[in-house]
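Chemist: Whole structure, please, built from the sequences with the hints as guidance.
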Amino acid sequence: MDQKLIRNLLDASKAEKEKIEMLMNLIKMATNTSEPSKDLEETKEKLQRMGCTNDERHTLKALLGMRHNFALQRQVLEKEIEILKSNPYPTHCIRYFRMHADAHHSLQISIYRGVHRRWRENSQNSVNKRKKKKKKANNNNNQKAQLAVMKWLETEQKRWTKLERLQKCHELLFDLLHAAYDTVHRYRTTIYNTVADILGISYIVSTASAITNTHSDEKHDQYVEQRQVQTQKELTQYMCRSYLRQYYTELFHYYQTKLEGPNQCQLTLQNWIQANSRNGQSSQLPLKDGIKIVIRIDKEQKIKNRNVSEIIAQFIENAKKWSWCAILQVPELELFPKLFTIVNKGEERVRFNENIHKKSFGSENKSQLILYCVWPSLSRRGDPVKNTFIEVVVRD
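All residue numbers for the sequence shown refer to our numbering, where the first residue is -15 and numbers rise by one.
A portion of the hints provided could be inaccurate.
Pairs of lysine-lysine residues, derived as DSS-like cross-links and limited to a Cα-Cα distance of at most 27 Å, are as follows [as the list claims (entries may be wrong)]:
id, residue 1, residue 2
1, Lys322, Lys152
2, Lys305, Lys350
3, Lys350, Lys329
4, Lys322, Lys370
5, Lys146, Lys350
6, Lys142, Lys152
7, Lys343, Lys146
8, Lys217, Lys322
9, Lys152, Lys343
10, Lys146, Lys135
11, Lys30, Lys152
Keep in mind that the hints were calculated from the coordinates and are not lab data. Since this is a predicted model, take the numbers as computed values, not measurements.
Modeler: See the structure below:
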């Protein structure tokens, strides 16, 4: 073979090798957010001067897009961390972003997901049996509520094991969370119905439907009626949501005192105490909002000047504040599942699925059947919110 041809081939292979190395370096720089953008641009220009094929040009374009996406994700993550550090509850988090803007949809989800997860993690026991070192008790009211209820159960039901007491405690907090959510959801329903009635929205919707529909039969009339109800709901929501969001803090306190109705949290609490006390009865201590509960508390818990009823009341108040913000989302955030015991249609226990479930303290490693739900996940219109898990106890 001609020596000149061999030399040209060697030079070509060397250039190709250099191009590949430069491309690999570009990939590393694009995926590393700490790399200066100037170095990235210089490497890109060198690579283009060497002569790129169409495939390589597409790769370069994709890399620059990847770099941009990484930067956006980093900004969202930093914003989420900043908010979660300074504001433990969603009612405060909402001040940092405009709820009505579609552009902030993903940020809303990430913040709510983070707050929801953090709120649950803070409500776990202060002593984790899986770790050798002792940790100081968290000052979070949710955790205090769980610790206080566990202490009360120790005095009321001495024959129960710790896991049995823990299950009863989880059941109370789970039911109170849903009761608080349902109570606040009733606030919004009452507001929408009142506004729709005063403004005559149902009349306008029905009149418009009568004009556009000339024929009639039973099935068609039923469909039209359903559409009217849905249209009325959407129109009322559209008219009210901006106002409710802008003044959500003031209106939340206003509606709590203004709107009367059955106190689901109080009923849940009373039924639970009656079912788990020694003699099925309990004397009552007065508490704000009509909630009454008697639970003894030891000095060892270091909760000064506060009885357990106040701690439980604070848990309920926090749950209501979170729920108020959740239902003002469009579409609204929902809690899933609604039942403490998870079973399928055949009333059989559901198997653990690591894609949607997360094991909680008290689970058995070898077991695969879910005993009960500790903390629900979030959903929108029946679809689970990404990266929110149902925390469960898995035990035979």
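Chemist: Taking the earlier hints as the rules, which of them does this structure contradict?
Modeler: 2 and 11
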